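Now that you have both chains on their own, put them together as the hints suggest.
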Amino acid sequence: AQTVTQSQPEMSVQEAETVTLSCTYDTSENNYYLFWYKQPPSRQMILVIRQEAYKQQNATENRFSVNFQKAAKSFSLKISDSQLGDTAMYFCAFQGRGNYGQNFVFGPGTRLSVLP
Amino acid sequence: EAGVAQSPRYKIIEKRQSVAFWCNPISGHATLYWYQQILGQGPKLLIQFQNNGVVDDSQLPKDRFSAERLKGVDSTLKIQPAKLEDSAVYLCASRNWGRGQETQYFGPGTRLLVL
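Chain order of the listed sequences is S and L. Numbering follows the working numbering, with no gaps: position 14 of the first sequence is 14. Going from the second sequence to the working numbering is simple: count from 1 and add 1000.
If you're looking for bench data, these hints aren't it; they were derived computationally from the structure. Since this is a predicted model, take the numbers as computed values, not measurements. It is possible that some hints are incorrect.
In silico BS3-like cross-links for lysine-lysine, where the CA-CA straight-line distance does not exceed 27 Å [unchecked claim]: (1) L:LYS1083 to L:LYS1044; (2) S:LYS78 to L:LYS1044; (3) L:LYS1044 to S:LYS73.
Which chain L residues face chain S? A few, computed with CB under 10 Å, are given here [stated by the list, open to error]: (4) TRP1022; (5) GLY1042; (6) VAL1089; (7) LEU1091.
A few chain S positions that, by computed beta-carbon distances, are all more than 12 Å from chain L [as the list claims (entries may be wrong)]: (8) SER12; (9) GLN14; (10) GLU17; (11) SER22; (12) GLN39; (13) GLN56; (14) ARG63; (15) GLN69; (16) ALA72; (17) SER76; (18) LYS78; (19) THR87; (20) VAL114.
Note that beta-carbon positions come from the ideal geometry of N, C-alpha and C, so glycine has one too.
So here's chain L without its partners, still in its complex pose (with noise of 0.2 Å):
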């Protein structure tokens, strides 16, 4: 079975330009996630996305945060513009749904620096 997939693994930009990441749940997922992880610090809920709805995006930045799932599967997470404190890691999660399917399996992430 193929894990998260997450593009790109890495990118630099700098500061007020656009920047967008690329996630690809397992197949079959339907809950899916987006975490942001600052260096030294565990992941931090960004938003989570039942099929193609949101469920929660309380933690998101909206004045510059984007993100939609089309489709209920492939998601984008954009940032626009970019400030110097969104240098972080990136990680989109999928899970099944339902009781028991509670666990998340994590994509490589994708290291945003910010410049």
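Bound-form chain S, shown alone (with noise of 0.2 Å):
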């Protein structure tokens, strides 16, 4: 079974600095998607960024981006610029390639705050 970790359970930064949410994940599939969902206290989750295994080039989206280490199982997020609106929970999330089964596993989420 997948499994997936994020090893920083609370991380603060400076309003418009950059900020880096940490993430690991155990599968032995080998095509796969990541993904980094917020979720505001308002806790409606919110895709903030997606990955293909098989995509070398590590996936941007304005001020946010991944760091993606298919070898070492890795899947960072760097948030540049932070933003008060950027606290939140974030969660890592692995989906295998099948579309079926039990096979979309979240991380236990990093809580952000973003300081004034």
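Set out below in structure tokens:
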């Protein structure tokens, strides 16, 4: 079974600075998807960024980018120019390519606080 | 495009009572998920539907939880009887089918408190 680990339960960053959230995972699959989801205090889960394992190029979405290291099974999220609205829980998630079965797994989350 | 709708948003019940949650996915989304998110933890998948069929319910406590997705659109999740440890947020998510459609879209959740 796949597992997702986020070793930083809480982090804080000053507004306008850069922060990196860590995520590692364990799988025997070769093709899969990785996601970062954001859950603000209102609790609506929102997709931040996704990465397909067969793509070597790291995904970017505006101020959000990932560092995907497939061999190390590492998938970190970098937030540049942090904004107050980035304050939220961030979940790393794994999905196998099969579309079926117990292959979508969330990590335990990292609570990020952006300080003014 | 309307998002995933869930109701009720909040529910307080006493242990041993029953409760039901409703989810309306994004129009056209074939795949629907129910998750349980206990405070301070990541969501845990309870059940996955593909249209009106169950794909995976391996983590659903079937002695007390049940779910259905009649006609492959709306879905209901029921707990009967509820236990204290069922206090959590129940999230519904949906996605399209096929390669490139892996992103799940989440509803606002139903917060359940069992006293």
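Here's how the hints hold up against the structure:
no.: 1; hint: L:LYS1083 to L:LYS1044; verdict: holds, 17 Å
no.: 2; hint: S:LYS78 to L:LYS1044; verdict: holds, 25 Å
no.: 3; hint: L:LYS1044 to S:LYS73; verdict: holds, 21 Å
no.: 4; hint: TRP1022; verdict: violated, 17 Å
no.: 5; hint: GLY1042; verdict: holds, 4 Å
no.: 6; hint: VAL1089; verdict: holds, 6 Å
no.: 7; hint: LEU1091; verdict: holds, 7 Å
no.: 8; hint: SER12; verdict: holds, 17 Å
no.: 9; hint: GLN14; verdict: holds, 25 Å
no.: 10; hint: GLU17; verdict: holds, 26 Å
no.: 11; hint: SER22; verdict: holds, 15 Å
no.: 12; hint: GLN39; verdict: violated, 9 Å
no.: 13; hint: GLN56; verdict: holds, 18 Å
no.: 14; hint: ARG63; verdict: holds, 19 Å
no.: 15; hint: GLN69; verdict: holds, 20 Å
no.: 16; hint: ALA72; verdict: holds, 21 Å
no.: 17; hint: SER76; verdict: holds, 17 Å
no.: 18; hint: LYS78; verdict: holds, 20 Å
no.: 19; hint: THR87; verdict: holds, 17 Å
no.: 20; hint: VAL114; verdict: holds, 20 Å
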